[in-house]
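Undergrad: Single-letter residue listing:
2 protein chains.
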Amino acid sequence: MFARDLKLARVPAHVGFIPDGNRRWAEARGHAKRCGYAAGIAPGLVLLDLCRALGVAEVTIYGFTKDNVRRPADQVDAFRDACVDFCGRAADAGYAVRVVGDAASAVFPSDLVHLASQRRAGDVRVNLLVNYGWQWDLRELERTGALASADVPRIDLVVRWGGRRRLSGFLPAQCAYADLFVVERLWPDMTAQDFVEALQWYQAQDVTLGG
Amino acid sequence: MFARDLKLARVPAHVGFIPDGNRRWAEARGHAKRCGYAAGIAPGLVLLDLCRALGVAEVTIYGFTKDNVRRPADQVDAFRDACVDFCGRAADAGYAVRVVGDAASAVFPSDLVHLASQRRAGDVRVNLLVNYGWQWDLRELERTGALASADVPRIDLVVRWGGRRRLSGFLPAQCAYADLFVVERLWPDMTAQDFVEALQWYQAQDVTLGG
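Going line by line, the protein sequences match chains Z and S. Residue numbers for the first sequence follow the working numbering, so the first one is 497 and each next one is one higher. Residue numbers for the second sequence follow the working numbering, so the first one is 497 and each next one is one higher.
No wet-lab data here; the hints were simulated from the structure. What you are looking at is a predicted structure, and each value in this text was computed from that prediction instead of being measured.
Okay, the calculated bits of chain S under chain Z, using three or more residues with CB under 8 angstroms as the criterion:
| # | segment |
| --- | --- |
| 1 | 561-570 |
| 2 | 633-643 |
| 3 | 659-667 |
| 4 | 698-707 |
Far from chain Z, some chain S residues (derived; all Cβ distances over 10 angstroms):
| # | residue |
| --- | --- |
| 5 | K529 |
| 6 | C531 |
| 7 | A535 |
| 8 | R548 |
| 9 | A553 |
| 10 | D577 |
| 11 | G584 |
| 12 | A587 |
| 13 | A599 |
| 14 | S601 |
| 15 | V603 |
| 16 | R616 |
| 17 | P649 |
| 18 | A688 |
Chain Z is faced by these chain S residues, among others (derived, beta-carbon under 10 angstroms):
| # | residue |
| --- | --- |
| 19 | G629 |
| 20 | W630 |
| 21 | C671 |
| 22 | Y673 |
| 23 | A674 |
| 24 | L676 |
| 25 | F677 |
| 26 | V678 |
All C-beta atoms, glycine included, are put in the ideal place defined by N, C-alpha and C.
Just chain Z, with the same shape it has in the complex (with noise of 0.2 angstroms):
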């Protein structure tokens, strides 16, 4: 699937996705919360291979944050793991993998650890926030000068699986701009049709901006 057969006039630089709803999926289905996770894999590796197709020049992927950190043990484990695997999955198809949070915590996988002072070869930029909190983020331009997310550039669309609308702590001064797409659909459930359906939407919106 191309840009052109999509007839994609703008095709988004650097794109944010919130992969929301492992738990609901998982919980309607009568699994324990944290089997959602592992279920969320497959779906963010198909995304990454549309935004290859398409021209997308940079990803960036809500892995989990500070705030997530706080919950049962078991459903942390699992969330790490899920970030561990999705990260050895990307680098073998070759995206050009970052993980960006705090791996000073004891709480971040040792796994992504190199990942989180240098990016992987590869032919897309893939962000995957680990750790990531918007405070902590901000405490380091407060206290170096610049963002702990400053290797992360602009964010010109985001989309959140999952139905609710907002951001919830994502990179804040990237998507200072950003277009934010809502798909009901909760993240396991995913179909490359929602994200054409982002897309589709994206090419109505004027980019001012803040103008």
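Put chain S on the given structure of chain Z with help from the hints.
TA: This is chain S only, laid out in the frame that chain Z set:
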């Protein structure tokens, strides 16, 4: 109209309003774009009265930004005048008005300088963003250890008129967890029902603060 008449179990403590669409409204009526701003004053006062009646404790309204002042001079004059007029009428109506923005700039209305450093006494806290910029806000954090908007607390619900689904630089730190409700209608055509619908939608949103 009271919260109990509307069966609102949850009234947001702090609501943000993005009154967009003044220029489109004026153009659709064959007027110059600048004429749209004066038409936005009365709807703002209606909204404040609604918030007072419903028990909303604090309101923050997007006046104009440091990005906006790059527009043609007649438009800049028009939205500056509209902000001055709105503040005067809100103060006359007994609201605790405060202005948040870069008052050191020549484009900042001199009539509002006193409200940039001190809140008027009154009963609903009303913050109007005047010559505000999110980069300016964050730069103050970097420079002084506190956001320039530090007097404005967390926002629960943002209601935006004019159909755009984005924050456009509206207080990124305070809106990190805010729910965003978008009204298609252009701001000068605002109706009380728009806000009632936003509040009814808000009833069904869970407040997790990122957890």
